[in-house]
Amino acid sequence: MTALSPLEQKSTEESPQTEHHEDHRLFGLTAFLVADGMTFAGFFAAYLTYKAVNPLSPDAIYELELPLPTLNTILLLISSATFHRAGQSLKRNEANTCQRWLLITSALGLAFLISQMVEYFTLPFGLTDNLYASTFYALTGFHGLHVTLGALMILIIWWQSRSPGGRVTKDNTFPLEAVELYWHFVDGIWVVLFIILYLL
Amino acid sequence: MTIAIPPDRNDSSKSLQPKGWLKYFSFSLDHKVIGIQYLVCGFIFYLIGGGLASAIRIELTSPLSDFMARDVYNQVLTLHGTIMIFLWIVPVVNGAFGNYLIPFYVGARDMAFPRLNAVAFWLIPPAGLMLISSYFITGAAQSGWTAYPPLSISTPAAGQIIWILSVLLLGGSSIFGGINFIATIIKLRRPGLKLLQLPMYCWAMLGTSILVVLSTPVLAGTLILLSFDIVAHTGFFNPTLGGNVIVYQHLFWFYSHPAVYIMVLPAFGLVSEIIPVHCRKPLFGYITMVYSIMAIVLLGLVVWAHHMFTSGTPPWMRLFFTIATAFIAVPTGIKFFNWVATLWGGKISLNSAILFSCGFIINFVLGGITGVALAQVPFDVHVHDTYFVVAHFHYIVYGGSVFVIFSSIYHWYPKFTGKLLNEKLGQLHFLLTFIGFNLCFAPQHWLGLNGMPRRVAEYDPQFQLINQISSVGALIMAISTIPFLWNVVYSAIRGPKSGDNPWRALTPEWLTSSPPPVENWIGEAPLVTQPYGYGTHRNENEDLSSNEAGNVREQS
Amino acid sequence: MVKTSTILSISIGILLIIGGVWVGQNVDLLPVDASTNAPVYDELFKVLFSIGTILFVGITGLVIYSLIKFRRRPGDSGDGQPIEGNLPLEIFWTAVPAIVILFVGIYSYDIYDRMGGMQPLSNNAHNHHEMSTQQRLWGGIGSGSVSSSTPGEEEPIPIEVTAMQFAFLFHYPKGDIISGELHVPTGHPITMRMESKDVIHAFWVPEFRLKQDVIPGQPTILNFTPTKPGRYPIICAELCGPYHGGMRSTVVVEGMDEYQEWFNKNSKTVETTA
Ligand code: HEA
Ligand code: HEA
Ligand code: CUA
Ligand SMILES: [Cu+2]
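Protein chains in written order, with the working numbering: chain A, 34 to 233; chain B, 1061 to 1616; chain C, 6 to 279.
Everything labelled a hint here was simulated from the structure, so no lab data went into it.
Check the hints yourself; a few may be wrong.
Claimed, not checked - Below, simulated EDC-like cross-link-like pairs (lysine to aspartate or glutamate); rule was C-alpha separation at most 16 Å, straight line:
(1) B:Lys-1247 with A:Glu-127
(2) B:Lys-1557 with B:Glu-1483
(3) B:Lys-1407 with C:Asp-81
Stated by the list, open to error - The following residues of chain A were derived to be distant from chain B, with all beta-carbon distances above 10 Å:
(4) Val-67
(5) Pro-157
(6) Leu-188
(7) Ile-229
Small disclaimer: the values here were computed from a predicted structure and weren't measured.
All residues carry an ideal CB built from backbone N, CA and C; glycine is no exception.
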């Protein structure tokens, strides 16, 4: 019932100072991803310190199998590429192609999650078995949470980029770009995680 | 149904508070409202934290644990530390003044992300209430604000988990705020305004926000691991399960050392705004001030292990951290000498704002010097975890940050309300605070050197007299809040009108009406390239200022 | 005019420095020193105290002087001189603290070295204690000072310290003594291997100027040589629970004869070592 306050009005209108809206939203997202990356950095640092300072007794060491995580790495890398294609399609105003690529990307993300689950179930150790088991699950679990969120957001973008009536169009690429940035970030983290956890 | 009010309507000054006080209890997107929300909310928490400090000081008037049970004492001191840091200093020096001033300083009408901004604020009251209510429900956390495991794993879990949750919420709030400040300062600057023309507070907030974004997430991650240890019985930090307690300390201090600069860099910025105005002189050494902020940010990220000299760290590590820590004195010193040089040869109005600012300089130098002493490993092994450290950081957080907050309130109160504060009461407040503060914390240096550890409810009877002196100081500090509160509340209602620019200041927030209209300026934002142009450059700027003020008055 | 003011400020500066040094040397804020470590510590303290006093009094003086000298007179609404900076001055006050810091750093490194902090960890107690290979030792100050003394001449006395909520236990492997009080002979090096049973504690004797955390799952080493006979408090300095404040013990520093007497009285294995 109350009249719109001038302030709310402003946020719906584009005032001259908020012209470069896209621009600073992506900037803000980047800052957020830096912060998120620091959380991972903290976990990695903890893991590496444990490795250096608290060596396990030899009989407790378990070599992680490589095939599944390697497959996971490939899945995620491909998904980064397909997401990129989706973005290009959107810029060329090919909404249907864009949607197809988005669907493929989120399918790859889901495949990653499933394969991660398979790995979890085949591993001989549980969350609380020892320090390394805990760290392993904390790191991969935290990353998996990011993938889950990303896959969900891709599905939302997919819905919003449907050709007539979608919000995400050639003229409003921000949501897609934002999720794409996030997705590349999550992939990048996985690569680091893969190297540190499985290869080192 | 709803009709938008045209933005250029004439009674815009009325629309400042369309719904009176109520807007301060709403999900407002106006950066000025959010700033005041932060300030008032923070101050309420300060009173609660100060009440807890008073309880600590009452307990310590006698060497026995007689005023409260020992575990209650530990809860009280944990709550005191956590509230003062996460709910008072950090939200106020960053959130309150940052939100209020930064958009003015960059010439914007609001922050880059107003909605995120409101969310960041509204995370604070529930987190604070949760933290405090834990005391009444299950008993609060009792492992100190540092929550070192394995103690934090073995004390009652409920209180510790609530503590972790609320610190996580507050950390999230602080990260959102930090992102917002960086985006606003970098991206929302008015066209034509260069980075090196910004008022110093912008630089301080830029540096602080970089620290927030880089270090707070590490604390969040650490506390998540700690909560797993408590709830899921993992063994990250639990030695009986093969974990390593030192790793927690590294991760914790990787955040919490930068956190001390998160508490003090904005205060440095605020002082840099206040001193030039009341001395009628330009800020001395602008460029070196900017560089020293950035140097403090860089160094601040690599000194954390000076809190762990007795934890058992390898010798090379102690050596590195000693040197890195002590070197922070150099950029910090540059700032202090610049402020003194700004005072030198000025025309200083001896008002409450400048008194608190100068009190800050004096107290902080003492706290900084004891800090440099603490940074020396051989010195620290004797006084670590004693009242010497307690004295060190209260000289900095209270004598530094809190003095600056008071100074800032005296300085910007006319901006916030359009009313003047009573000067006599302000000076009384300063006198009581300064005397009480020094009486309370100076003797604690001696206590620490002579063998009184911190975080104890009972102590060696030989320390009773000095502890009582300290408690008397705390009492005077508590009394000193009375003239302040009276002044602030009374002046808001009955205070004389201040006019738009009572200090004849040149920084952009004063070049509009007081209090400012909703979008900060009626017309276009002024381009202020010389925020400290007192003296020769004054004339051009004065024209600008009088023009602007004139504009505002014409239009309103 | 200029000349008198320069002379004045130089002489004030000199007075300040003399005063600071005097305060540092003569104001005694520390408890008695009762270990070889303590006088070295006090030396550092005096230097830091002098420097601190000079800086603090100097800056405070400048601030108060400016506030009085440059206060705005009634009726004067003008501006101050528009001085925005001064490069030589800036360089000066960057260089001076940098030099002071460097000096303090090097000096305290030297002190630290004299306390034995920079030497590689040596644990003389491990002969008597079977060490699990996985455990790392961590040391505090004084960790190496004992090993530097030629072996055989004065064999340090090994003691195993166990900390728990809320007590210290001292175990003398030689006589298989378990005691709640620490007994040590004057002038004799001691090496302690400390470990906690539950949470982190810290072993602190103010009169020794020594402190070292006692950590669960990670033994720490602390070595020292007591010098003055007396009874000094052992204080737990790390928050360890409700009775943290009550977690204290006593170190009894006594002559060799008295120590030997105590040792023999309590020793279970009859192993009279001279
Ligand atoms: C706002 C908060 C704040 C700030 C800014 C600082 C600033 C500094 N702190 Fe402090 N500190 C704390 C808050 C803060 N601290 C807290 C809360 C703790 C305890 C945490 C806990 O355990 O609960 C702590 C503990 C602490 C310790 C650990 C003590 C211990 O537990 O054993 C150390 C050790 O190095 C230290 C050092 C320093 C140093 C070197 C600075 C420097 O940045 C100071 C630099 C400033 C100056 C030196 C003054 C100005 C300079 C000049 C005038 C130039 C000339 C000076 C010289 C040449 C010396 N601090
Ligand atoms: C960051 C800011 C900050 C501030 C501003 C303060 C302010 C004060 N602090 Fe605090 N303090 C800390 C941060 C801070 N402290 C931290 C981080 C710790 C370490 C905790 C830990 O070890 O984990 C600590 C620990 C600490 C100790 C050591 C406890 C111990 O180790 O056993 C002591 C003891 O004297 C103390 C005293 C005080 C006093 C007297 C004040 C005074 O300045 C307070 C003055 C204010 C008032 C007196 C308020 C007046 C109002 C009322 C009295 C009205 C009450 C009203 C209601 C309750 C509604 N503090
Ligand atoms: Cu043991 Cu405190
Ligand atoms: Cu620190």
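Now for the hints, and whether the structure bears them out:
Restraint check for Lys-1247 of chain B and Glu-127 of chain A: not satisfied, since their Cα atoms lie roughly 31 Å apart, outside the 16 Å limit. Between Lys-1557 of chain B and Glu-1483 of chain B the CA atoms are separated by roughly 14 Å; this keeps the pair inside 16 Å, and the hint holds. Distance hint between Lys-1407 of chain B and Asp-81 of chain C is fulfilled; the C-alpha atoms sit about 8 Å from each other, no more than 16 Å. Its closest Cβ contact with chain B, about 6 Å, brings Val-67 of chain A to no more than 10 Å, contrary to its assignment away from the interface.
Against chain B, the non-interface label of Pro-157 of chain A holds: every CB pair exceeds 10 Å, the least being about 17 Å. The non-interface label for Leu-188 of chain A is consistent with chain B: the shortest C-beta to C-beta separation is roughly 24 Å, beyond 10 Å. Once the 10 Å rule is applied to beta carbons, Ile-229 of chain A is consistent with being away from chain B; the minimum gap is 15 Å.
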